[in-house]
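> The lines below spell out each chain.
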Amino acid sequence: MARIEVKNLSKIFGNNPGKAFELLEKGYTKDEVVEKAGQTVGIYNASFTVEKGEIFVVMGLSGSGKSTVIRCLNRLIEPTRGKIIIGDQDVSAMDYNELREFRQHKQSMVFQRFALFPHRTVLENAAFGLEIQNVSKEERGKKGLEALELVGLKGWGNHYPDQLSGGMQQRVGLARCLAVDPEILFMDEAFSALDPLIRREMQDELLILQEKVGKTIVFITHDLDEALKIGDHVAIMKDGEIVQNDTPENILTNPADSYVAKFVEDVDLSKVLTAEGVMKSPRVVAYPKDGPRVALRKMKEASISGIFVTNRKGHLEGYVTAEEARKAADEGNEDISGIIHRNIPTVSPDKTINELFETASSASIPYAVVDEEKMFKGIIVRGALLAGLVKEVVADD
Amino acid sequence: MIDKLLNPIDMLPRLPLGAKVDDFIDWLLGQIGVLTRLIANFLEGIMEGITDLLLWFPPFILIVLIALIAWRLSNRNIAIFTFFGLVLIYNMNLWPGAMSTITMILIAVTISLCIGLPVGILSTRYTLFHRIVWPILDFMQTMPAFVYLIPAVFFFSLGVVAAMIATVVFSMPPVIRLTGLGIRQVPEDVVEASHAFGSTDWQLLTKVQLPLAMPTIMAGVNQCIMLALSMVVIAAMIGAGGLGGHVYGAIQRLNIGLGFESGLAVVILAIILDRITQSSRQTSEE
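Protein chains in written order, with the numbering used here: chain S, 1 to 397; chain H, 1 to 286.
Be careful, since some hints might not be right.
[Said to hold, decoys possible] Cut-off 30 Å, straight-line C-alpha distance, at most; resulting in silico cross-link-like pairs (DSS-like, lysine-lysine): (1) S:K154 x H:K207; (2) S:K142 x H:K207; (3) S:K280 x S:K313; (4) H:K207 x S:K137.
[As the list claims (entries may be wrong)] Away from chain S, derived, C-beta distances all over 10 Å, residues of chain H: (5) D10; (6) L15; (7) G49; (8) W56; (9) I61; (10) F81; (11) F129; (12) V190; (13) S194; (14) H195; (15) F197; (16) T200; (17) K207; (18) V208; (19) F260.
These aren't lab readings, by the way, just hints derived from the structure by calculation.
Computed from a predicted model, the values in this text were never measured in an experiment.
Backbone N, C-alpha and C define an ideal beta-carbon position, used for all residues, glycine too.
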């Protein structure tokens with residue numbers, strides 16, 4: 001595995017970078033440089049180190065230069081100034097052939113819009129890097145399949161990318177990288193194009209995968225939650241400069257300046273995490289037509305002391321406790337419709353955790369998460385809620 | 001005097017554009033006469049060889065063969081049309097003319113592709129080259145087709161070869177244009193991904209750009225064939241022979257019947273060639 005060392009990396013877009021540097025050194029801002037010299041500052045004097053096997057996140061809003069940084073690291077964009085040392089190689093000094101060699105074997109890249117090859121099957125996509133290396137067809141097939149299995153796409157090899165969902169397409173993108181077994185993964189907003197639920201799932205899986213493969217990963221994102229969740233170190237960029245490079249804990253507790261502080265303030269996780277984010281899917285539900293014994297058995301199988309009741313369309317009806325179900329069974333009731341508690345606390349999926357704590361904190365049954373159409377989405381168990389917060393909110397003391 | 005003042009452009013001496021072009025062609029002819037004769041002999045040889053080969057086959061067998069090829073490349077309906085269309089051409093006694101027309105198209109299109117594809121590809125690599133080539137293409141495409149016949153005759157004298165050269169010049173632009181367009185249309189992120197995996201320019205071209213540009217390039221090939229066919233007919237005026245020769249002869253003798261028959265034969269060939277190349281384009285789109 002390789003360590004990445006970046007020293008004073010700068011990228012000026014324009015034909016007169018010297019002029020731009022001159023102005024920047026005098027303390028002019030990015031906007032002023034555009035105005036005075038007509039040069040666009042992509043990155044200015046970025047220095048950072050990525051340790052072996054860690055996930056280094058570069059976070060910034062659009063236009064902050066984060067995508068330029070990652071492209072400078074493998075020189076898809078030529079840096080204007082600065083040194084890039086990866087392992088024992090000086091990437092910034094490589095000639096065309098050395099650079100190709102480096103790109104083929106040492107690093108690999110995942111793209112925001114997947115950038116899969118539409119005319120190739122999933123397996124051919126996964127094996128693309130090997131094909132470029134002129135690896136034999138047999139070997140390519142074998143390693144490609146291994147990589148697909150690693151990202152959970154076993155059996156999809158003969159499909160074409162456009163037959164897959166976004167999340168699956170990005171898995172192909174990941175497999176394409178892993179197939180060449182690079183030391184470094186560059187991930188450019190890899191999950192930004194995905195639905196929030198899928199995105200979270202992919203983040204979790206990336207962390208699990210990282211446990212297995214232990215690559216050095218540089219991850220670009222505009223989403224601070226994502227950065228804090230997956231990053232071992234996070235560098236926050238603004239206007240082409242790194243304003244803070246730190247552990248997630250330190251970024252939350254000791255923001256370097258007001259810019260970072262403002263971000264962090266927005267990201268107090270108890271305010272950011274929503275009911276949808278912490279809910280669990282109910283393992284079983286009962287129906288109003290169920291007999292009390294059926295409901296009891298369902299509860300027993302799931303080891304729960306009460307059960308939510310929905311109609312056949314999935315709309316929430318209410319809640320039945322084990323105790324009352326047992327009584328109803330003893331009394332010989334036909335079904336449980338008579339013992340459903342219909343006034344139970346519900347929350348909408350976009351409620352934040354903070355608001356959850358404020359409402360109905362004395363209720364003894366889990367919260368039911370219900371959307372506008374009364375569809376039953378999930379449950380939030382109070383204990384799990386707290387545990388989730390403790391785990392997610394890093395050092396909010 | 002007053003007249004002249006009112007219309008000052010009359011005072012401009014007549015610019016000798018035409019005369020200069022004449023001089024230039026004469027000069028060029030002196031310089032490369034040997035070369036053009038070589039090319040002419042070469043093309044004529046190939047032309048005769050292929051036409052003889054096509055005519056050597058018993059027509060019925062050749063018709064069945066071509067129909068089978070049509071079936072293989074597209075579908076059954078087109079194969080059936082091909083079969084009956086060619087039978088009709090044979091029946092109208094236009095078989096040798098059709099064969100020589102097909103040969104001319106084959107050769108002209110092959111040359112067009114051999115020049116057009118690389119030029120189209122190069123135009124996407126080098127901006128300067130693109131800037132030079134594109135106006136030339138505009139020129140080539142808007143110049144009335146007949147005009148090509150004159151220099152072609154000068155260099156290669158009357159006959160099949162001059163016709164073929166004029167056809168090449170006329171049919172090449174869409175190949176260059178659509179090849180360039182197809183490659184430019186390949187999504188940028190896909191090209192970037194290919195670079196990111198360390199592909200060489202050649203690998204990028206053959207593994208990513210050309211396959212993705214193929215439907216557009218095939219549209220260019222289709223256009224090329226259609227233009228070649230139309231030009232081959234026009235080129236009968238400089239002795240290209242073939243079906244065009246029959247059409248031309250019919251015009252001169254005001255023979256409506258012959259004109260209709262040979263015109264119909266051209267249409268049949270056009271439909272067959274168009275359908276076959278179009279459907280192979282659709283297959284590559286899938």
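> Going through the earlier hints one by one, which of them does the structure break, listed in rising order?
12, 13, 14, 15, 16, 17, 18
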